[in-house]
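Colleague: If you're matching them up, the sequences are chains D and Z in order. Numbering (numbering that gives the first Met the number 0) for the first sequence: 0 to 677. Numbering (numbering that gives the first Met the number 0) for the second sequence: 0 to 570.
Do not rely on the hints blindly, as some may be mistaken.
[What the hints assert, rightly or not] According to the in silico footprint, chain D covers these stretches of chain Z (three or more CB under 8 Å from chain D):
#1 15–26
#2 398–404
#3 423–433
#4 524–538
#5 548–560
[Stated by the list, open to error] Derived DSSO-like pairs (lysine-lysine); straight-line CA-CA distance at most 27 Å:
#6 Z:Lys414 with D:Lys210
#7 D:Lys496 with Z:Lys519
#8 Z:Lys519 with D:Lys210
#9 Z:Lys417 with D:Lys210
#10 Z:Lys62 with Z:Lys414
Quick caveat, the hints were computed from the structure, so don't treat them as lab data. Think of the CB as a built atom: it goes at the ideal place given N, C-alpha and C, for glycine as much as any other residue.
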Amino acid sequence: MAEHARRISIWDPHIVRQAVIDSVRKLDPRVQFRNPVMLIVEVGSLVTSVIWVQELIGGTGSPLFTGQVAAWLWFTVLFANFAEAMAEGRGKAQAAALRKTRAETLALRLREGSEETVPASALRAGDVVRVVAGQIIPGDGEAIEGVATVDESAITGESAPVIRESGGDRSAVTGGTRVLSDSLVVRITANPGSTFLDRMIALVEGAVRQKTPNEIALGILLAVLTLVFLLVVVTLQPLALYSGAAVPVPVLIALLVCLIPTTIGALISAIGIAGMDRLVQHNVLATSGRAVEAAGDVDTLLLDKTGTITLGNRQAVAFVPAPGVTVQTLADAAQLSSLADETPEGRSIVVLAKQFGIRARELAAHQAQLVPFSAQTRMSGITIDGREIRKGAVDAIARAVEGRGGILPHEVRAQADQIARQGGTPLAVAESARVLGLVHLKDIVKGGIRERFAQLRAMGIKTVMITGDNPLTAASIAAEAGVDDFMAQATPEDKLKLIRREQANGRMVAMTGDGTNDAPALAQADVGVAMNTGTSAAKEAGNMVDLDSNPTKLLEVVEIGKQLLMTRGALTTFSIANDVAKYFAIIPAMFILALPQLAPLNVMGLATPQSAILSAVIFNAVIIIALIPLALRGIAYRPLGAAAILRRNMLIYGVGGVVLPFVGIKAIDVVLVALSLA
Amino acid sequence: MLTESFAVAFTILLTIATSLPLGRYMARVFQGERTFLDPLLLPLERLVLRLTGIDPAESQDWKHYARSLLVSNVVMWLCIFAVVSLQKWLPLNPDGIGNLEPTLAFNTVSSFTTNTNLQHYSGETGLSYFSQLFAITFLQFVTAATGIAACVAIIRGLGGDRQSQLGNFYVDVTRATVRLLLPLAIVVGALLVWQGTPMTFEGAAKATTLEGTEQVIARGVVAAEVAIKQLGTNGGGYFGPNSSHPYENPTPLSNLVQTWSIAVIPMAMIWTLGAMLRRQRLAVVLFATMLAIYLPMVGFAVAQEGAGNPAIARLGADQSTGSMEGKEVRFGAGLSALWGVTTTVTSNGSVNSMHDSWTPLGGLMPLVGMWLNNIFGGVGVGFVNMLVFIVVAVFVAGMMIGRTPELLGKKVEAKEMKLASLALLWHPLAILVPTAIACHVWATTPDPGTALGWLENPGPHGFTEMLYEWSSAAANNGSGFEGLGDNTPFWNIGTGLAMLFSRYIPILAPLALAGFLARKPTAPETAGSLRADSATFGFTLWAVVVVLGLLMFLPVAVLGPIAEHLALGSF
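With the hints as constraints, model all of the structure from the sequences given.
Modeller: Shown next as structure tokens:
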């Protein structure tokens, strides 16, 4: 992947500074109201503080202890706010980088034949503007006239310029990008404030962040756990009263805060924002958090063959001479016919011929006439020093040769079929009426793609290759690339049908696309990644846009989606598992005075009841800070099957989540005692 | 101890082994397939359906199913309330037993309609033969069948693919009664009669004792009632002392038959699920997960009761046969401990020893059984309760594998989570809040012993008595810890309400959940989807049940049994 200036270090000082300020600002109950778990902690902090003040004034109770509990409860809320603010800060930093590209520009608006200069912000959808070399494109739109090279590095980070031209699939232009050469007439398609860039900025900033379905469901689980623990703690007072062990309110609040899932409650929104952020780091923009989650659920990937599975172009890999013709002769003729052929296929023939000792020649020294490829003849070639050399599709060459009284030897025909069966494209070479042989053109499968598909298979994701090739060729490439299935001679309608069929079987489908005719399929797919080079119709239809226009990115998108959910699940498990140790710290401590026989339950050997309770509260607060990097980065992701991943994560976050706090609380207790704080 | 452990192990193995074919038979019954008992029972089933005018072809969605369940239960409640309130004037009352007082009637009828069988009256003196047969025994059949029907409907929902029909409640209840409970009850009843359990319409026997005094010995239609009380996880005994009474449970063999009867249908239900969903592996995983909680509980209880009570040992009494206070010599400490754990995990509630007299830690196991309430559980409702925990486990585990959570290929979303949460929340609420209220009332009443008359043993044991009563009501278990003066309006109405809500909320919420799941498409299983039938998921589920149970109930366990146990050392 390309270098990205957008990677931001976890503890970027600017972001941290702003996050510290924001975490205090977020104490506003109206903000906390969105997160019931943290709201309860805040209310608890407030009540404990009031009790602390009462104790200070009245000289009752143990203000040192109550004060510390109150302080750590406030820290718990602040740490949670900090986590969220950090994630938002990172999003804002991304957005600021994007916003720089949106500096106010002037536009040449074409109206009734005349041109007028207006600020870009005055443009409305439907306006037509001319953008000439050196100018910045004033808004999202569609090129309706002209061809130009455009520098889109502001958006994609990719420095190589791209071609934009009217008509076809490369007509969409993005506001904020710069025309390098030539000029374009662009019809603006978005009003100011709702351009692609604006939406992107709003999303990464988290301004329009809506909770995803999974976040809502998890929120319900966390709320019910909170309610259960509220129930446990609230009923504890009368129960304890019966046992003659009335518990001070700050202790009850401490227990409550330790039990409710504060760890995940504090980090849940940071995880969500960070997921979006990781996607942006990969230069993919999602239109909603929901799309990111859906990416984790994908069961079927539809991948275009060209560009995703194979390198864009076919390459010559072998010369297959006709009977009675030497390879040298064939290579020589093929090279001659390709010297002026600037297509990648043509160039690859020249390269291959070199291996047969045939050097590139200077055409100017010869009497040469180029015959360009035409759709009618489906041949190209050269007439040089009287030799008429042609290359083209086997059928076309056969027809041409037969027209001159020659014949295509049946051995050549058989070998052509053989090449096609292997997934190659046979290219016949003829001189006058004589067929010299075949050039074996082959799709080159991208390096490492087979391993990627094997990983996907292990993760339970089915890959389907989409290609316009005939079934024979498609099958061969599919086998070489290791995809699970393929669709040959695919039309956009076929694609749509395939998606619908997969979805009817309960599968979630992801695909990439760039053309306008891909739009229905992109819209139908659960995850539709439109290429930034594609048409605006495609971009509107999909729910993600890949700024690098790299179809292989789909694989990363799936991984990011999975990682997001895994992080959420792992921290939920961790949060609940932590409670066991906290119970063993607090329960004996709160009853020990009334029921001294409970001493053996203090399995951690914590020094005093107060140190035990404080240690649990401190651990509960500190763990939030400790987990912020994990929440922002996401947990380690490995492409394994579900069973292996579950085993691994249960071990680390489940079993580890039970054990770790026993160690942590004990350590804090030792420190507290050493500092004589409890 | 060795012989006892062997007897315990044999009983468990026998029950597990026989639950498998029974579970398969049940699956065939509820899927309308042919069974070997068809020639005998099919005509009976058809007769019942024809008499009641039920159309077996009519299928119900979850709302209709739930409505039928509720309506039939309300009607039964009203009828039975009338019976016990008017039994004095009804036939089959040779001993001239009076009507139940209204709050006791409310409690009793709620108790039996909810398959709880908490008894604030003493069977042989509180109810006439007519009430025993047509109120109690009838409800013991039908409420067990109701639980099974609900479970079957939920299983159908889990297996459904974009459909909303869950079956027909009335047909399911009829099938459960006629083709499952009735034949089993006849066999078990016959075995009990063979072992000496009475089955007679004659009034109490009068005998002259060696001392020359006249003794009245209650008897009646015992065998029939005991058979269904065990098979249907009802637990309400014919006699006050329940299955520790020599007429209800005369011999070690009758004890074996009854222990088997308590657990066999709850265990078989898991195999039924496996067969109906065609997921045998899932059934194995669920069964193993439940065993992994049940067996340690049994082992712990057997060890505790077998080790004896140090407080009694200090008085000089021999404890080599274990803690025998409140236990029957013909069963011994081991089989009593097995029964106590089995009857509470399954929400049966019958007893063959007095749980009040168990050692504190041994006595914690029956409490744990009721707190979890999903380890095999009551007939049908056991799996229904477990489903809530499965949803939570699936949710957490599903996210951890990087997918939005799916249960058997169906997405678990906000709506399902809400329903699961309701059931999850209700159980601790129904136990902790009333116990807290009771404690508060006790702690704030001056001289509570005389004023309220609830507790004979204050301190942690008294706390456990109250906690046990509410746990028993909330778990629809019905066993009593005794030692609690519970026939008062406070306990009658309080536990009556607790039983009613704790029956219907945990059935209706999962039923709705299954209804929603049934409508969703089932995603095909791939290497990337969460396999609920894997050992790892079994462990996850186990951990969720254990950790959530621990978190909800550790404080009360500490204040009650654990405090009592730790105090034993300081006597």
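Colleague: Using a Cβ cutoff of 8 Å, are there at least 3 residues of the segment 15–26 of chain Z near chain D, or does the coverage claim fail?
Modeller: violated (count 0)
Colleague: For a C-alpha distance cap of 27 Å, please report whether Lys62 of chain Z and Lys414 of chain Z respect it.
Modeller: Holds: Lys62 of chain Z and Lys414 of chain Z sit about 15 Å apart, inside 27 Å.
Colleague: Check whether the Cα positions of Lys496 of chain D and Lys519 of chain Z lie no farther apart than 27 Å.
Modeller: holds (21 Å)
Colleague: Okay, the segment 423–433 of chain Z and chain D, do three or more residues pass the C-beta test at under 8 Å?
Modeller: holds (count 6)
Colleague: Counting residues of the segment 524–538 of chain Z that have a beta-carbon nearer than 8 Å to any beta-carbon of chain D, does the count reach 3?
Modeller: With 10 residues in contact (Cβ-Cβ under 8 Å with chain D), the coverage given for the segment 524–538 of chain Z holds.
Colleague: CA of Lys414 of chain Z to CA of Lys210 of chain D, is that 27 Å or under?
Modeller: Within the cut-off at roughly 15 Å; holds.
Colleague: Lys519 of chain Z and Lys210 of chain D were given as a pair; does the straight-line alpha-carbon distance stay at or below 27 Å?
Modeller: Holds - the C-alpha atoms of Lys210 of chain D and Lys519 of chain Z are around 22 Å apart, at most 27 Å.
Colleague: When you check the alpha-carbon spacing of Lys417 of chain Z and Lys210 of chain D, does it fall within 27 Å?
Modeller: holds (16 Å)
Colleague: Is the coverage entry for the segment 548–560 of chain Z by chain D consistent with the three-residue Cβ rule at 8 Å?
Modeller: Our answer is that it holds, as 8 residues pass the Cβ test (under 8 Å) against chain D, meeting three.
Colleague: Please count how many residues of the segment 398–404 of chain Z have a CB within 8 Å of a CB from chain D and say whether that reaches 3.
Modeller: As far as the segment 398–404 of chain Z goes, the hint holds, because 7 residues have Cβ atoms under 8 Å from chain D.
The structure shown violates just one earlier hint, number 1.
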